[in-house]
Every structure is written in structure tokens, then in C-alpha cells.
Amino acid sequence: MMANRFCVSLTHAKDNSDKATVAFVVANAALGSGKETLVFLSVEGVRLAQPGYAEDIREEGFAPLRELMESFAKAGGTIYVCSPCFKKRKLDENRLVAGASIVGGAKLVEFLSDGSPCVSY
Amino acid sequence: MGIEADEIWDAGDMGCGELVLELRARLTGLRPGQVFELIARDPGAPADIPAWCRMTGHTLVSQEHPVYRIRRKENR
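Order-wise, the sequence lines are chains D and G. Residue numbers 3 to 123, in the numbering used here, belong to the letters of the first sequence in order. Residue numbers 33 to 108, in the numbering used here, belong to the letters of the second sequence in order.
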């Protein structure tokens, strides 16, 4: 039986805007295919959870990252933000993009434990 | 082509995640049994659209790239 969940793990932001963009395109494909979809942001990827950060990320041939992220949130996608990665970078936990919440590893493990596939960027 | 489409959407060069996310929203807006005509020129569409239909339960009525006809599934 096909799993009803899908996870995309993203560890990059402006250090690899190509990967950051494709991760959200794939997440939108999962969401569009009717999957309960999670984007897990960790390492540098957590910077994307700050409003405005993705503003100037636009890869040729792709929609701007900000738009991809907004479409994802609007369609009901969930974004988990790695708490220690976020704290290490001294980011503002009171300002998060739509759909995002700061979590510890247990939340990711719980999501994946039901048999969710996960693709990593 | 035989079947009259109830709605037509020219998605142009849109592909991959953007395409299916928008497609999902548009199909949801139809009534069960209605036929949606999608025009998608993305080179991934011939593989993606049938896979998307298999996953979502909508019926791919015809496929002649770039034209795809999809019948909306029943509400469950």
C-alpha cells in the first residue's frame, strides 16, 4: 500500500539555492498528489523559516522560492524547523513563515515512524 | 476527440510540483464525473500526469501530449 505521507528533508538555504528550490518543488508535487507533506528544515535550511529570507532566491526555470513556499503553506503543507539548528544561528523564533513550527527531533521521528518516505536535499 | 471537456486549462511550460499542485486545486473545483482538459508542455508531463492520476484516483481519459483529459473522481 502506498504511504499517505511524504517528507522532504532540506539542509540548505542560500548556500545552495538550487537544492533549496528543488526541495520545495518536490514537496509541492507530493502535496499536489494528495500526500500529507512535511518539509524538515535543518542545518542551514532553518534560515528559510525566517520571513523575508527567501525573498531574493530565484533559480532559472523555477518559480521564486518565496512563491513555492507560500504555495506549499497555502495548500496545507507543514514545515518543521530543527530547534538546535535554529538556536545555534540565533534566529528569531517569534518570526516564522506560514506553516512553520520549531520542533525537536522527536516530532520528525514520529512523522517518519508511520512509514513515510523521505527525500533529502 | 469524442469527449467534451467541462473545463480547459493551458498550463504552458509549468511542470513538476507547481503543475500538480495547481492541477489538484483545479480538479477539486469540478463536480464528480466532469472532464478536465489539461494542456501541459513540460517534458515530464507524459510520465507525471498518469502517475498523478493513479495516486489521486482521478481517471486519465486520454493522453496525447500536450493534451490530457482527466475525469474527476467521485467524492468519498
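Since the hints were made in silico from the structure, they are not lab data. A couple of the hints might just be wrong.
Derived lysine-lysine pairs resembling DSS-like cross-links, with alpha carbons at most 27 Å apart [stated by the list, open to error]:
1) D/90 x D/37
2) D/37 x G/105
3) D/76 x G/105
Sort out whether residue 105 of chain G lies within 27 Å of residue 37 of chain D, counting only the CA atoms.
Holds: residue 37 of chain D and residue 105 of chain G sit about 17 Å apart, inside 27 Å.
Below or equal to 27 Å on CA atoms is what counts here, so check residue 90 of chain D against residue 37 of chain D.
violated, 32 Å
For the pair we were handed, residue 76 of chain D and residue 105 of chain G, check the Cα-Cα distance against 27 Å.
holds, 23 Å
The structure does not agree with numbered hint 1 stated previously, though it agrees with all others.
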